[in-house]
Amino acid sequence: MAVNTQLAVLGGGPGGYAAAFLAADLGMDVTLIDLEKNPGGVCLYRGCIPSKALLHIAKLISEAEEAKKWGVEFGAPKIDVDKLREFKNGVVNKLTGGLGQLSKQRKVNYIQGRGEFLNSTTIRVKKTDGTAEDVIFGKAILATGSVPVKVPGLSIDSPRVIDSTGALELNDIPARMLVIGGGYIGLELTSVYAALGSRVTVVEMTPGLLPGADRDLVTALSRRLEKKLEKIMLETKVVSITEVPEGLKVKFEGKNVTEPEQIFDKVLISIGRKPVTSGLGLENTGVKVNERGFVIVDKQLKSADPNIYAIGDIVGNPMLAHKAAAEGKTAVEAIAGHKTAFEPNAIPAVVFTDPEIAWAGLTETEAKEKGIKIEVAKFPWGASGKATTMDRNEGMTKLIIEPETERILGVAIAGVGAGDMIAEGTLAIEMGAVVKDLSLTIHPHPTLSETMMGAAEVFYGHATDMYRPRRK
Amino acid sequence: MITEFKLPELGENILTADVVKVLVKPGDKIAADQSVLEIETDKATVEVPSEYAGVVKEVFVKEGEKLKVGAVVFTFETGTAEVKAEKPEVKPAAKPTPAPEEVPVKEDVIKSVPEAKAVTGTFEFVLPHLGENIASADITKLLIKAGDKVEVDQTVIEIETDKATVEVPSDISGIVKEVFVKEGSKAKVGEVIFTVEGVSTSPKPKQETKISAPVKKEEAPAPVLQEAETSKAEKFFAQSEIPVKVNTVPQLIVPAAPSVRRFAREIGININMVMGLGPGGRISIEDVKAYAKGLNEQYAATGCPRNALCIQAEPLPDFGKWGDFERKQMSNIRRKTAEHLSYSWGSIPHVTQFDKADITKLEEIRKQFGKKVEQEGGKLTITAILIKVIASALKVFPQFNSSVDMDKNEIIYKKYFNIGLAVDTDRGLLVPVIRDVDKKNIIQLSKELNEVSARARDKKLSLEDMQGGSFTISNLGGIGGTYFTPVVNSPEVAILGVSRSSYEPVYTEGQFEPRLMLPLSLSYDHRVIDGADGARFIRWVIEALENPFLLSLEG
Chain L
1361 MAVNTQLAVL
1371 GGGPGGYAAA
1381 FLAADLGMDV
1391 TLIDLEKNPG
1401 GVCLYRGCIP
1411 SKALLHIAKL
1421 ISEAEEAKKW
1431 GVEFGAPKID
1441 VDKLREFKNG
1451 VVNKLTGGLG
1461 QLSKQRKVNY
1471 IQGRGEFLNS
1481 TTIRVKKTDG
1491 TAEDVIFGKA
1501 ILATGSVPVK
1511 VPGLSIDSPR
1521 VIDSTGALEL
1531 NDIPARMLVI
1541 GGGYIGLELT
1551 SVYAALGSRV
1561 TVVEMTPGLL
1571 PGADRDLVTA
1581 LSRRLEKKLE
1591 KIMLETKVVS
1601 ITEVPEGLKV
1611 KFEGKNVTEP
1621 EQIFDKVLIS
1631 IGRKPVTSGL
1641 GLENTGVKVN
1651 ERGFVIVDKQ
1661 LKSADPNIYA
1671 IGDIVGNPML
1681 AHKAAAEGKT
1691 AVEAIAGHKT
1701 AFEPNAIPAV
1711 VFTDPEIAWA
1721 GLTETEAKEK
1731 GIKIEVAKFP
1741 WGASGKATTM
1751 DRNEGMTKLI
1761 IEPETERILG
1771 VAIAGVGAGD
1781 MIAEGTLAIE
1791 MGAVVKDLSL
1801 TIHPHPTLSE
1811 TMMGAAEVFY
1821 GHATDMYRPR
1831 RK
Chain D
189 MITEFKLPEL
199 GENILTADVV
209 KVLVKPGDKI
219 AADQSVLEIE
229 TDKATVEVPS
239 EYAGVVKEVF
249 VKEGEKLKVG
259 AVVFTFETGT
269 AEVKAEKPEV
279 KPAAKPTPAP
289 EEVPVKEDVI
299 KSVPEAKAVT
309 GTFEFVLPHL
319 GENIASADIT
329 KLLIKAGDKV
339 EVDQTVIEIE
349 TDKATVEVPS
359 DISGIVKEVF
369 VKEGSKAKVG
379 EVIFTVEGVS
389 TSPKPKQETK
399 ISAPVKKEEA
409 PAPVLQEAET
419 SKAEKFFAQS
429 EIPVKVNTVP
439 QLIVPAAPSV
449 RRFAREIGIN
459 INMVMGLGPG
469 GRISIEDVKA
479 YAKGLNEQYA
489 ATGCPRNALC
499 IQAEPLPDFG
509 KWGDFERKQM
519 SNIRRKTAEH
529 LSYSWGSIPH
539 VTQFDKADIT
549 KLEEIRKQFG
559 KKVEQEGGKL
569 TITAILIKVI
579 ASALKVFPQF
589 NSSVDMDKNE
599 IIYKKYFNIG
609 LAVDTDRGLL
619 VPVIRDVDKK
629 NIIQLSKELN
639 EVSARARDKK
649 LSLEDMQGGS
659 FTISNLGGIG
669 GTYFTPVVNS
679 PEVAILGVSR
689 SSYEPVYTEG
699 QFEPRLMLPL
709 SLSYDHRVID
719 GADGARFIRW
729 VIEALENPFL
739 LSLEG
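Order-wise, the sequence lines are chains L and D.
With the working numbering, the residue at position 242 of the first sequence is 1602, and numbering never jumps.
With the working numbering, the residue at position 549 of the second sequence is 737, and numbering never jumps.
Careful, some of the hints might be misleading.
[What the hints assert, rightly or not] Pulled a few chain D residues facing chain L out of the computed Cβ check, cut under 8 angstroms:
id : residue
1  : I441
2  : A444
3  : R449
4  : E454
5  : L465
6  : P467
7  : I471
8  : P503
9  : P505
10 : G508
11 : D595
12 : K647
Derived by calculation from the structure, the hints in this document are not laboratory data.
All values derive from a computational prediction rather than experimental measurement.
Every residue, glycine too, gets a C-beta built ideally from N, C-alpha and C.
Extracted from the complex, chain L is given alone in its bound form (with noise of 0.2 angstroms):
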């Protein structure tokens, strides 16, 4: 059985699905191929969404737990892992299945299988109902994102040792549990598993918890995570795990090791993920793919061969979905015949820790790296009347200034809603705004995004809440 189309999509999650429905709103005939029932991809099944699901619940309990200082007292909470399991699972089958009824009302071909490329028009669909299509496409859109990175001799056969995935589905909530991996998603889900009562260890091979982010966003973050949690090894390496009677035997290595032998329910291992070019087929058409799996694309997305574009985690970092769902529309675009290109001044990135971390454009650290003069101007939250009233002021509002134009380069965050307030951040640095138009913008008082303006007063020396006069 074979089904023409003018435009096929392979991969349902955040790129593939806003790529198919552009497509089909621009008049053209979409196939869209994933192996799930509906649309959504890791972001939805087993990645942002249901981690934000949980990660809302971990700080509702954390924060019952400090009301005790406000003179508030819940008692311990009661928690019922099927229950909760339960509302995960209603939030991700709710937005899944909206993907698959907006994908109907497109009329976008949803075929649910395996795709696997024949050559540079046809992609065979293994189908879940056992049968087999091929697709012959005009162009298509690979889509195929990211899996968790697996460690020989670490990711060892067992169900105690979990990636994101096994640790998303909660199966249940162990009482000692080790995360290998100080990055986002270790963090967030150590967080999650932290507030259900687990005693979680988290170890980081590098010198901090989430390499490459600007330190002083992650002091705010950790301080508050060593309290929640049983121990933060650093520089600290694991070299062995294996199954014992009572548990995870895990083997540490490193400078401060103090018991280097330990036992744990539980070990994720999240240091990392891998894009998806393997088995697709791709030898099949004229896609590259680089030393390190990624598809070689240009800026509007389009791979060594001509009818195929890429789009996504497999195109390359930061693997996020609102950086794929952009892709895929520049791609869309681009095989639409617009002038097109995928150049964003900035792509922010958020950590739904607890109390976020969020960047935009120039980091501190990248600037360095690359020896750009830049001016930082920091607001604590300290001063701000709303972190107070939350009794939330260990945040920090930061922006990366071109000292010559007064340009915003760079924004960054940490504290409660920094994955929400980055945004104007975001648009400050498209936008090609000036300091001067932060400062000179007004804010709602009293609320956490007077922080953006209070950054930019500090960069002047006359910021209302804080006396920090001007150097020079």
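Since the structure of chain L is already known, use the hints to place chain D on it.
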């Protein structure tokens, strides 16, 4: 009515200018746009056009005088004058200073004078200028009919040229009185499309649509604008409006909103080349349009996109259709070589003269003295000898040691003798220059030659080392070949290509004799060197090689 012509604003930070030439005298009749004054600022020499037409009454400045911006240059009578529309292309550098409201606006000149002042009456909407070489367009959609109310900037027709489909906004407002075209019909630029009854306010006519059409030519690389000559007022203004941006910030973060970047992309403008006039260098749609317009005008003025090469790159085919390929970034040397040689090849009319020199005798002498030179630390090569010979030849034929200045119609004769040598390195072609070769003997030259080639290969040449040549020698003899056509290394005017010498039978005095013959290829710039001179020059060189004593006699 008598009006003053004042020195207009000339650009940022330019407050005064020297009057080089006054091109008008009392009684002269001048037309709008006619050059009336030639001035020199510290940035450029500029011809200043008059904004108005009229008869010159009194001139207040003399040549050689310094003038302040705003100073009255002359007065003129505008009784019959037409007010010229404020030229959008001279904003913001040179906004005309004379206030337009001082000049009476007559009803009957309104069509040619879309002045900012509001006037009531019947107005014509004509098909605006759509871009270079576009004389007409098909009307694909007519969005107004008689009785409709139109506003300024409202899209009134959609047209299709051979380059693009464009929505054309109105530059007048009022009630549509009569429509003269139908959908599907063809209209010429300047043809009346419809008339309106109402108020005319058209401060920004005709530019809107222009940018949509020409896409390809704007993509022409524009790297050297800042060095470009500024002898004409338009160029000066065009330049002050489209300066090349020097971005200190990573290009990844462009100071332009996403919508502006998209607009630039759509009309084929590289946003990184656009100078933003907003706060912090922020680029607006208007900045992009001004830049595109500047490019167009430059194109119209010179017939060329930016630099001298009028050849537009053809779009590359999709090589992937025929097999594997890979793309690699050009090295800086490669890029520079490509740009420079393209310029040389494109701007210099080349002639290559071939000849061969009998170096049998020279070879004997070379071997004879080779040891001695070696003891001194050099190597007596044909190239070292040629450097000396060329230096002498340049003295005899000074036009070979010149450069051409087409803008000033002048030839520059150099009094120094620096010879460049094309050196093949693993990074590409480099041309180090040996200086003052006329003051050095062959031993010194051979030593320096050794040294400079070594430095070229060891990446130790400075930019300075490769500048200031009079003439270039390219010796490919070590590799082989008979003749080739070397490309003149602009701004030099000649280059000598040397190939491999070989024994050939030469018929002399009734019999064939084996002679060692050296093939030479002399390329020269035909603008300054005539064919006969080219032949004479190469013959002179050959005779010097064949009769080494000649150097001492004539050189």
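These are the hints, each one checked on the structure:
no.	hint	verdict
1	I441	holds, 5 angstroms
2	A444	holds, 6 angstroms
3	R449	holds, 7 angstroms
4	E454	holds, 5 angstroms
5	L465	violated, 12 angstroms
6	P467	holds, 5 angstroms
7	I471	holds, 7 angstroms
8	P503	violated, 13 angstroms
9	P505	violated, 11 angstroms
10	G508	holds, 5 angstroms
11	D595	violated, 34 angstroms
12	K647	violated, 23 angstroms
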